[in-house]
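**Student:** Given the sequences, and given the hints that come with them, work out the whole structure.
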Amino acid sequence: MTKKRGMKKRKEFFFILAVLLAGILFLVLSPVNAEESSSYFCAERTTNGLWCMNVPWDEVNTNYDYTQTSCEATSFCKAGTCVNGIEGSCRPNVPEVVCDDARGIWKPEERDEIPQCQLGCCYIGSGASFVTQTKCTSQASRYGVEISFDPSIRDPIQCIASAYPEEEGACVTDDGFVRHCKRTTSQKCEETRARALESETVEFHKGTLCTAAHLETECVPTENYRTKLEPDRDEVFFEDSCGNTANIYDSKKKDEQAYWDYIVDKKDSCDLSSDLRNADVCGNCNYLEGSIGKRYDRGNSQMFSKAPNYGDYICADLGCEYEGEHYEHGESWCGTSVGSEDNLPGSEHFKFKCDYGEVNIEQGKPFRGEICIDSEIPVEGQEEGFKVANFRANLWTKCVLQDNQEDCEDIQERDCMWVNGTTLGGIHADEDGIPLVVDEDGELVPREDEEDERIGAACVPKYPPALWFWESNTTRQQTSQETAAEICFVGSQVCVVKFEDPYFFGATTCVENCHCLGLKKGEDPTRMKDGSLVNIKLDKDNEWIVNSNKLCIALGDCGASENYIGEAGHWELEDLVEVTELKEE
Amino acid sequence: MKDDKERGRNYYSISNKKAQVTIFIIIAIVIVGAALLFYFLVPKAETEAVFDETNPQAYIQTCIEDKIKDTVETLSLQGGSIESEGYILYQGDKIEYLCYTSEYYVPCKIQRPFLVEHIESEIENEIEDDMKMCFDALVDFYERRNYDANLEGSGDTTVELLAKRIKTSTDYTLTVSKGSGTDRYERFSVLVNNNLYELASIANDIIDWEAEYGDFDTTYYTTVYSNIKFEKHNQQEGSTIYILTNRDQGTKFQFASRSVAWPPGYGEVPIFD
Numbered sequence: 048m049t050k051k052r053g054m055k056k057r058k059e060f061f062f063i064l065a066v067l068l069a070g071i072l073f074l075v076l077s078p079v080n081a082e083e084s085s086s087y088f089c090a091e092r093t094t095n096g097l098w099c100m101n102v103p104w105d106e107v108n109t110n111y112d113y114t115q116t117s118c119e120a121t122s123f124c125k126a127g128t129c130v131n132g133i134e135g136s137c138r139p140n141v142p143e144v145v146c147d148d149a150r151g152i153w154k155p156e157e158r159d160e161i162p163q164c165q166l167g168c169c170y171i172g173s174g175a176s177f178v179t180q181t182k183c184t185s186q187a188s189r190y191g192v193e194i195s196f197d198p199s200i201r202d203p204i205q206c207i208a209s210a211y212p213e214e215e216g217a218c219v220t221d222d223g224f225v226r227h228c229k230r231t232t233s234q235k236c237e238e239t240r241a242r243a244l245e246s247e248t249v250e251f252h253k254g255t256l257c258t259a260a261h262l263e264t265e266c267v268p269t270e271n272y273r274t275k276l277e278p279d280r281d282e283v284f285f286e287d288s289c290g291n292t293a294n295i296y297d298s299k300k301k302d303e304q305a306y307w308d309y310i311v312d313k314k315d316s317c318d319l320s321s322d323l324r325n326a327d328v329c330g331n332c333n334y335l336e337g338s339i340g341k342r343y344d345r346g347n348s349q350m351f352s353k354a355p356n357y358g359d360y361i362c363a364d365l366g367c368e369y370e371g372e373h374y375e376h377g378e379s380w381c382g383t384s385v386g387s388e389d390n391l392p393g394s395e396h397f398k399f400k401c402d403y404g405e406v407n408i409e410q411g412k413p414f415r416g417e418i419c420i421d422s423e424i425p426v427e428g429q430e431e432g433f434k435v436a437n438f439r440a441n442l443w444t445k446c447v448l449q450d451n452q453e454d455c456e457d458i459q460e461r462d463c464m465w466v467n468g469t470t471l472g473g474i475h476a477d478e479d480g481i482p483l484v485v486d487e488d489g490e491l492v493p494r495e496d497e498e499d500e501r502i503g504a505a506c507v508p509k510y511p512p513a514l515w516f517w518e519s520n521t522t523r524q525q526t527s528q529e530t531a532a533e534i535c536f537v538g539s540q541v542c543v544v545k546f547e548d549p550y551f552f553g554a555t556t557c558v559e560n561c562h563c564l565g566l567k568k569g570e571d572p573t574r575m576k577d578g579s580l581v582n583i584k585l586d587k588d589n590e591w592i593v594n595s596n597k598l599c600i601a602l603g604d605c606g607a608s609e610n611y612i613g614e615a616g617h618w619e620l621e622d623l624v625e626v627t628e629l630k631e632e
Numbered sequence: 007m008k009d010d011k012e013r014g015r016n017y018y019s020i021s022n023k024k025a026q027v028t029i030f031i032i033i034a035i036v037i038v039g040a041a042l043l044f045y046f047l048v049p050k051a052e053t054e055a056v057f058d059e060t061n062p063q064a065y066i067q068t069c070i071e072d073k074i075k076d077t078v079e080t081l082s083l084q085g086g087s088i089e090s091e092g093y094i095l096y097q098g099d100k101i102e103y104l105c106y107t108s109e110y111y112v113p114c115k116i117q118r119p120f121l122v123e124h125i126e127s128e129i130e131n132e133i134e135d136d137m138k139m140c141f142d143a144l145v146d147f148y149e150r151r152n153y154d155a156n157l158e159g160s161g162d163t164t165v166e167l168l169a170k171r172i173k174t175s176t177d178y179t180l181t182v183s184k185g186s187g188t189d190r191y192e193r194f195s196v197l198v199n200n201n202l203y204e205l206a207s208i209a210n211d212i213i214d215w216e217a218e219y220g221d222f223d224t225t226y227y228t229t230v231y232s233n234i235k236f237e238k239h240n241q242q243e244g245s246t247i248y249i250l251t252n253r254d255q256g257t258k259f260q261f262a263s264r265s266v267a268w269p270p271g272y273g274e275v276p277i278f279d
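Protein chains in written order, with this note's numbering: chain L, 48 to 632; chain P, 7 to 279.
Take these hints with a grain of salt, some might be off.
Claimed, not checked - Keeping only pairs whose Cα atoms sit at most 30 Å apart, straight-line, the calculated DSS-like set for lysine-lysine is:
1. P/K173 <-> P/K235
2. L/K434 <-> P/K258
3. L/K313 <-> P/K170
No lab work stands behind these hints: they were computed from the structure.
Just so it is clear, the structure is predicted and the values come from calculations on it, not from any experiment.
**Tutor:** Structure representation (structure tokens):
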């Protein structure tokens with residue numbers, strides 16, 4: 048790939064043209080055939096079983112319809128809304144043929160424009176969901192509960208807030224001998240009454256516990272104050288001798304009869320401290336605040352710092368320990384893979400999240416397409432806020448096009464940085480390949496003449512992207528590789544090193560830009576008989592080449608570097624340099 | 007003397023060795039015999055144990071339950087299909103794309119608009135033969151006990167994903183008679199505890215979002231569904247694998263999507279302008 052032509056001894060002025068290629072890819076890739084890229088078809092079915100895709104010819108399943116146009120322009124693959132007449136669901140962006148195949152009703156309109164798809168509030172048991180009326184009806188059979196639908200509620204949050212959980216109480220059945228009791232809703236108690244024998248009486252006591260003294264039922268507090276969990280509830284509850292759920296576990300009130308008489312609301316129950324230091328005595332766990340009722344496990348010291356005073360259940364800490372630091376449940380923070388500081392090939396940006404006592408890792412869009420941003424939500428009375436990390440797009444794509452510092456560092460528009468003293472020779476050069484320089488207004492302008500000593504500058508990505516630079520066979524990937532080569536080429540630089548032979552003795556002396564070849568001004572490169580030069584430096588000892596390579600790396604996965612796990616790339620620094628000899632009389 | 011002793015020691019040694027070998031052979035025969043007995047008798051004993059002449063429903067439940075569970079597990083790991091079409095290979099699983107676009111920057115097109123119904127149909131197809139075999143075996147059991155057993159109905163199996171359970175029903179009616187007594191059993195149904203309905207419904211929500219806007223953020227859902235773990239794995243070529251795990255049951259539903267994918271570098275020009 049690399050060409051190093053011998054420098055012939057001449058008694059004239061001559062030039063060496065040194066070119067640093069930003070990426071070797073440019074040399075190894077051939078451009079994609081223009082015809083290939085335009086030969087995309089709308090395939091009703093692709094060879095790998097997908098419906099209605101715009102794909103190259105070799106991915107078209109010819110047993111189905113296809114046409115050389117976009118799927119949106121076809122009758123069979125146009126996307127719209129697919130309505131399920133029985134279940135009532137409305138799915139967006141479904142190709143007509145897919146909807147037909149699923150026996151749905153396809154409509155070209157958006158979901159919001161279709162009357163059957165209008166959402167309302169569906170009250171299911173004591174909860175609510177924001178769905179269509181038909182879906183609400185179908186959910187009634189799936190959940191086996193009664194429902195009601197309110198189409199006037201048009202907002203999901205309002206819908207959930209408007210749910211009216213039915214208040215529970217004690218349903219007492221007296222068979223003449225024993226007063227049995229079950230904690231339930233009045234509706235379910237009514238059903239019990241309907242099924243009761245003639246000799247039985249059934250009564251409902253709203254807001255009352257089965258252990259209430261005045262009810263005189265068979266149910267009493269358990270001897271050892273047994274506790275239990277309830278489905279879809281966070282807290283730990285006392286359990287009575289009949290297996291009914293009593294109030295939230297509070298060891299201080301275990302012997303207070305009043306606490307066993309009436310249902311106490313969550314907000315009026317014991318206060319669980321945020322660090323769970325009183326979890327042994329209070330079961331008022333709160334999932335959103337980082338705790339949930341669980342069976343005590345002595346072996347899990349992270350979730351359970353202490354044992355409950357009574358029963359087998361306790362509020363478990365859903366926080367996490369990660370690299371010596373404690374994170375609350377729900378907190379997230381940014382992280383990077385090895386090599387991310389230098390944005391080495393293969394490195395990515397990650398979001399870490401403490402979820403239910405374990406740290407989950409989520410990667411941003413590949414190729415460093417997303418960056419992770421840390422922030423903190425202040426928490427009253429605490430020094431440290433609640434940590435929140437989020438991905439956002441890495442806005443790097445237009446960095447190299449910026450020709451002044453202000454535009455370059457406009458954080459509302461892009462993630463770039465202005466680097467003085469360097470240049471993007473691939474684009475910031477005049478027609479002769481001479482790099483642009485920064486004028487007094489901070490703009491990149493052509494150099495006035497050879498005496499012009501103003502320096503160049505470059506606008507490069509703050510978070511260099513990864514590029515798809517490795518070899519592959521598919522058309523789409525080749526396109527990506529070509530793109531990678533184009534990006535890297537932006538970092539190519541031309542350095543004109545000037546030599547002269549003032550005495551016409553055949554001895555060449557470097558007079559200009561000698562540093563590009565690792566020479567000092569006035570120094571002569573030694574030419575061997577085969578024409579090669581032995582004391583020019585085209586490797587890591589050449590500061591200009593090293594700095595130019597750094598600029599390449601700043602553009603993305605360009606230049607010569609190791610990858611994120613420390614493996615060296617295929618190319619060395621000297622592979623990126625092309626030296627061409629020119630002469631001038 | 008010494009030679010005699012030596013000879014005697016050798017004799018006993020050889021004799022002991024022979025005895026040992028014999029014992030080993032006997033033990034081996036006993037083990038093999040026990041294994042054969044276990045193999046042939048235990049399954050039969052188990053089957054016999056669950057067959058109760060007065061409760062054919064319990065027999066059907068036991069007979070088909072494991073097949074339903076296995077089927078559900080398989081399709082849950084493959085995006086809701088037994089034979090995945092249009093899938094991505096992820097850690098050995100062929101995970102079906104529920105929404106896909108081959109292009110960059112555009113939202114995906116939904117590939118399985120009615121996921122719950124599709125899953126129901128997949129389970130129906132997969133267990134249909136086994137269900138028939140269970141009923142044939144049931145009839146056989148009755149006949150071996152000198153009953154007259156008659157099975158009516160087409161044997162159509164219906165699967166319903168319900169909240170926290172999966173209900174499988176058939177239209178078979180079984181009439182058994184012995185002497186003057188006749189019993190008629192109908193509405194056979196098998197219940198399996200599983201929250202696939204909830205997981206598939208959440209998958210639908212995620213896919214709706216991906217089909218309209220692209221990337222789905224799981225943050226809100228993790229706060230609403232405390233019993234479900236949400237995992238999202240971005241893949242290099244733009245696909246996303248979602249894994250929903252029920253924390254209590256450990257059951258999983260995983261599916262793939264490719265929506266508003268970004269190309270590496272500056273990206274491609276859209277295929278059709």
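**Student:** Next step is simple, just say for each hint if it's right about the structure.
**Tutor:** Going through the hints against the structure:
no.: 1; hint: P/K173 <-> P/K235; result: holds, 25 Å
no.: 2; hint: L/K434 <-> P/K258; result: holds, 29 Å
no.: 3; hint: L/K313 <-> P/K170; result: holds, 26 Å
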